[in-house]
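Chemist: First residue of the sequence shown: 28, per the working numbering; consecutive thereafter.
Honestly, the hints are just simulated from the structure, not real lab data. Please read these numbers as outputs of a predicted model, since none were measured by experiment. Not one of these hints is a red herring.
Derived pair list, reagent style DSSO-like, types lysine-lysine, alpha-carbon separation capped at 30 Å:
| hint | residue 1 | residue 2 |
| --- | --- | --- |
| 1 | 252 | 268 |
| 2 | 505 | 268 |
| 3 | 523 | 484 |
| 4 | 191 | 204 |
| 5 | 514 | 252 |
| 6 | 483 | 442 |
| 7 | 484 | 461 |
| 8 | 268 | 548 |
| 9 | 333 | 397 |
| 10 | 191 | 523 |
| 11 | 505 | 462 |
| 12 | 363 | 483 |
| 13 | 268 | 181 |
| 14 | 268 | 191 |
| 15 | 462 | 483 |
| 16 | 484 | 397 |
| 17 | 441 | 490 |
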Amino acid sequence: MSNITIEDIIQKWTKKLLNIVQNVYAYIGILIVVGIIGNIFIVNLAFNIFMIIFTIFSGVFTYKTYKKSNQLIEEWQAEFTEPTQKLLQTIQMVSIQNLDLLPEEQLNSFTSESHLKLLDVARGILEHQRFIDQVVDNMFEMMFLLNQDGIIMKANKSACDTTKYVQAELIGQHIRKLFPHAESLVDYYLELEIQFTTQGFVRDVEVFVQTSEGELLPFSINGVKIESTTGTLLGYTMIAKNQAETVRLFNQLNKSNYELGRANDELGKRYDQIKKEIEEKEGQRRTLEMELATSQLVQKTFLPQKAPEHLNVECAGTAIPAAFCGGDWWNTVSLKDKFYVFIADVTGHGTASAMVTAAVSGYFVAVQSKLFAGENLDVDDILVGFDTVLSSMGNSNDVRYNMTCFSCVFDFDKKVIRFSNAGHNFPMLVRADKKVVSMVASGHRLGNTNGESFEKKEIPLEKDDFIFFYTDGLIENKNDQDEEYGKRRLRKFIDKNNTESCAAFIEHLLQEALEFYGSGKPLEDDITIVVTRINQL
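The task is simple: from the sequences and hints, build the whole structure.
Modeler: Written out as structure tokens, the structure reads:
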């Protein structure tokens with residue numbers, strides 16, 4: 028490698044150019060001096076002859092200076108300008124990752140140390156880029172590089188193979204191209220963008236990716252935003268891990284667990300044998316026997332044993348206790364022109380809660396009889412009666428029973444829904460146009476009202492209305508990472524599955540929830556779900 032640097036070349040040519048300029052200045056000085064002397068001492072004829080000779084000499088000098096300047100320019104072009112253009116061409120090749128397209132003889136024509144050093148840097152950058160590209164393309168997970176507007180700038184081989192798009196179909200497209208276009212209230216990209224903005228990264232965000240063939244695949248998204256050294260947002264990197272196999276295995280496992288739960292109906296046939304085995308044990312086994320008996324009483328006596336029936340309403344419901352006997356309760360009353368739905372949650376669970384459920388169920392029988400007899404009991408009146416029952420059970424400050432309850436009636440004559448609430452979770456109403464309405468009404472928990480009345484509300488009743496009732500155990504039970512199922516996951520499930528039959532909807536929701544909690548993990552709170560759909564008005 029030559030030891031000549033760009034600075035050496037510039038210094039050399041600066042001296043040559045200064046030498047030409049000095050010659051020109053000297054010639055101009057001589058011309059001025061000769062002109063002055065000739066004008067003073069030489070007669071006109073001799074001066075004119077002298078000036079003609081001097082002009083000829085000046086032309087020869089100018090011509091030689093011109094030739095010398097052109098020669099210097101050609102030497103400058105060969106020594107500095109052309110190598111610099113070649114270097115710029117090389118850097119351009121690096122930028123499009125095509126360094127090999129530049130002929131080797133051109134690369135070898137560089138003479139200055141500075142050119143060769145920059146060439147080595149360009150080659151190093153290209154090799155580093157090729158190494159990174161190979162690593163990214165060999166990743167099993169999908170990887171995308173997005174600009175600040177969410178436009179895909181790069182997608183690795185796994186991303187193309189999984190989505191069944193070629194690179195040219197992805198580059199320049201918005202990442203929303205890969206998200207499903209089904210009617211949904213969930214915008215996956217907006218959800219990712221919010222987390223990028225607030226946290227600077229996303230972690231384990233669950234989305235569905237739509238392939239070019241329309242297939243929906245579950246993925247878990249992780250990523251970080253990319254900023255310049257000055258803090259300017261340049262874009263985002265996103266890595267998507269395919270969850271399809273994991274979801275399939277968990278669904279199979281939890282479906283088996285759910286089928287085992289349904290086998291609870293067979294428990295009654297073996298009850299005498301189980302009771303005999305329990306009596307042979309001590310301590311905790313005796314408590315288990317008592318709770319088991321109470322659970323069967325609650326499940327078989329106080330909760331509906333088959334789906335409620337009404338000409339205008341499809342309805343299904345289920346209750347899963349956290350202990351052997353739970354504190355959740357639900358029921359319905361079916362009249363010709365009305366359909367009542369009640370759902371309640373006693374504080375805590377276990378035997379004591381089941382006993383409160385039994386008392387409430389006893390009062391419900393009386394309410395049912397009055398409604399069948401034509402007595403005009405509205406939703407808030409029924410809550411007042413429940414409150415009286417609970418208040419009468421606690422006779423001291425040390426013993427106090429509380430229960431949340433939602434009371435609702437579909438009035439088909441007036442085509443309205445009337446409802447009152449005693450501190451319970453607000454049900455969700457999904458209209459036929461996918462609009463979601465929370466059925467919000469205020470009121471204290473039963474047993475803790477201090478004589479206060481319950482707010483009563485009324486909203487229009489429409490054909491194909493889908494109404495979802497639930498107790499807080501569904502969203503507050505946690506998995507092994509101490510994460511609650513939460514309203515957000517519940518809302519996503521409702522948005523996606525609200526067109527299913529009521530029974531299928533409950534079955535699939537329980538499968539997803541049990542999968543989230545973890546296989547074999549005991550519930551922390553009872554779960555009750557009631558779903559209705561208005562078939563006709």
